[in-house]
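Asks: Protein sequences, first through last, are from chains B and E. Heads up, the first sequence is in this note's numbering, so the first residue is 1 and it goes up one at a time. Heads up, the second sequence is in this note's numbering, so the first residue is 1 and it goes up one at a time.
If you are wondering where the hints come from, they were derived from the structure by calculation, not from laboratory data. A couple of the hints might just be wrong.
[Stated by the list, open to error] No more than 25 Å apart at the CA atoms, straight line, and that leaves these computed lysine-lysine pairs for PhoX-like:
1) 11(E) to 179(B)
2) 213(E) to 92(B)
3) 348(E) to 268(E)
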Amino acid sequence: MNFKHKYFFLFPGLFVLIGILIFPIIFVVRLSLSGWNSYNPGLDFIGLDNYIRLFTDDPRFWESFFRLSFLSVTTVVLQYVIGFALAHMVWKDIKFKRFFRVLFLVPMMTTPVIMTVIWRTFFHESLGPVNDILSNFGFSPKWLTDPALAKFTVIIVEVWQWTPFMFLLLLAGLLSLPKEPFLAAAIDGASPVRKFIYVTFPLMAPISIGAIIIRLIEASKIMDTVYVLTSGGPGTSTETSSFYIFIKGLREFQMGYAASMSFTYLIIMIISLTIIAKVLTKLLLKE
Amino acid sequence: MDLVANNLSYKPDDQYHLKDVSFNFKEGNLYTILGRTLSGKTTLLKTIAGLLTPDSGEIEFDGKNFLKIPVWKRNVAMVYQQFINYPHLNVFENIAFPLKQRKIDQSIINEKVMDALKSVGLLGYENRKIQELSGGQQQRVSLARSLVKNAKILLLDEPLVNLDYKLREQLRDEFKNLFSKGLADETILIYSTTDPRETMELNGEVIVLDEGKVLQVGPAKEIFENPNSLKVAEISNDPPMNIIEAKISDNQIRFEGIDVEAPQHLNKLTEDGLKIGLRSSDIELNENGHEFEVELAEISGSETLLHLKRGDTKIIVSIEEVLNFKIHDKVKINFKIDRAYAFYADGKLASSPFGSLNG
Chain B
1 MNFKHKYFFL FPGLFVLIGI LIFPIIFVVR LSLSGWNSYN PGLDFIGLDN YIRLFTDDPR
61 FWESFFRLSF LSVTTVVLQY VIGFALAHMV WKDIKFKRFF RVLFLVPMMT TPVIMTVIWR
121 TFFHESLGPV NDILSNFGFS PKWLTDPALA KFTVIIVEVW QWTPFMFLLL LAGLLSLPKE
181 PFLAAAIDGA SPVRKFIYVT FPLMAPISIG AIIIRLIEAS KIMDTVYVLT SGGPGTSTET
241 SSFYIFIKGL REFQMGYAAS MSFTYLIIMI ISLTIIAKVL TKLLLKE
Chain E
1 MDLVANNLSY KPDDQYHLKD VSFNFKEGNL YTILGRTLSG KTTLLKTIAG LLTPDSGEIE
61 FDGKNFLKIP VWKRNVAMVY QQFINYPHLN VFENIAFPLK QRKIDQSIIN EKVMDALKSV
121 GLLGYENRKI QELSGGQQQR VSLARSLVKN AKILLLDEPL VNLDYKLREQ LRDEFKNLFS
181 KGLADETILI YSTTDPRETM ELNGEVIVLD EGKVLQVGPA KEIFENPNSL KVAEISNDPP
241 MNIIEAKISD NQIRFEGIDV EAPQHLNKLT EDGLKIGLRS SDIELNENGH EFEVELAEIS
301 GSETLLHLKR GDTKIIVSIE EVLNFKIHDK VKINFKIDRA YAFYADGKLA SSPFGSLNG
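Work out the full structure: start from the sequences and follow the hints.
Replies: Here you go:
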């Protein structure tokens, strides 16, 4: 194939790519070097002032970032463990296997924002059914207004919403595994538990790494759940990076500063996810 | 320590995979299960290993009910026709796997794995990945894995069938060496195969299996010399034994206008519907013989297989040299009729050139 104008055909794709990816990133970088806010809209140039402010004078950003790290790692680990357990359960020949497979996917088919509204009602301190039941035993925890418990509530909702996705990926992985090593392991004297540890788990390592990374990327964007459930409260105790950036940028209209936070956030995420992927690969694949 | 089975039956669908299979295997012996594909060989081995539970019947080992013991506690080893290994482990780890499932010192594991590697001729390969090995080497790894645990029962399910011709011969010799090298003293070796030649070479006790049923049990030589039925004669010969419908009268075997003088062991048979069985190697080309037409001539290795036809009678002749024939050529052949078998119309053996059956 040696066609003179072959590169011409790259243009439609390239054009879309530039329009939706390259241009926005470059624009954000330029925006982050400006002092654009509601009093002073426009692309002026203030150098690295926004970045200096971010790194020296904004503990709230870093707090929200570490909170986000905690939330995303915790939820993804829980999603992985629960998702793997459920997938393993319906992978085996059990009764009503198909029914369970569909059942476990239901949360994924719901609209996250609407489900979060329902969860908020669930966990409402005085009107919610959860406390209605718990009050019979003398408990009425402040699910949404206690700083520590509010984080826990966010985790519950996130895990409920996204475990099915993990379940789906891991079930697909399990179903694609070769059957033979399992036959061999049973005969080689491996009990079901050891078979899981020495055969199933290592064989699932590549899929696990993929699933965990995908979910980590998704989970680092936690925003809708927090927005609807607690609005970052009480105080800032459930505020995540994306939510904080949203407040600064689209509520206070400090566009320049929000852009510098977004860009910093992007760089940190790329670096840390690369490291996590490398570490996981080393740990699980022994390579 | 005997492995005894009584009336094992397994019927997962509308067909029996095993039907009333009984046997009594003694330690220190080699048992060959001979049968065509889908005859139930793998099912039987899987049942012994514990991967399948029979619908009825019992298996006892060392006086204990084997069916109540889960697979991983049975202390059996198995080599499959597909080369089954652990794709995520290297050669050393693969072979060490069964040992790692018990509490054994790492130093003893190392020693045993190295011994096993040596006995299958794979020293120096311990750090290779499984996927980097050839089929024959992969099968050696799974053989080593089955040897290393000193199982009381070693099951080999057509271990050579997926290998090429050269490797098969080589590994078959190695198997024979391994089996005779003391390994067999306290082990029950069970080897399944479709290949009669392999069965004869291994020279163990043979169980002929067809459609899930045991047709005949006996030493390899006995099965070869006195197949108790047409079915067994077919299964235990490759190419299958030629079956010719003939009449015997006045000391003559008559078929397709050919008269052959009946040998002593056949001349007293007078029943109708007799079938004469003659191995393809017991027919030879001869200038003064009977004329047949060539239907097909295939050369396999150093042999030529001639498919011949006369009237409704079709026979296969194997000739120990490479010869070229054209289709529809006429050839003349002679029957070594003193090596012929006779079967009754219902398939039972009537007479064999090696003397009658026991009883």
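Asks: Hints first: check each against the structure and report whether it holds.
Replies: How the hints compare with the structure:
Proposed proximity of residue 11(E) and residue 179(B) is supported: the alpha carbons are some 22 Å apart, at most 25 Å. The hinted pair formed by residue 213(E) and residue 92(B) fails the criterion: a straight-line CA distance of about 32 Å is larger than 25 Å. The suggested pairing of residue 348(E) with residue 268(E) holds, with an alpha-carbon distance near 16 Å, which does not exceed 25 Å.
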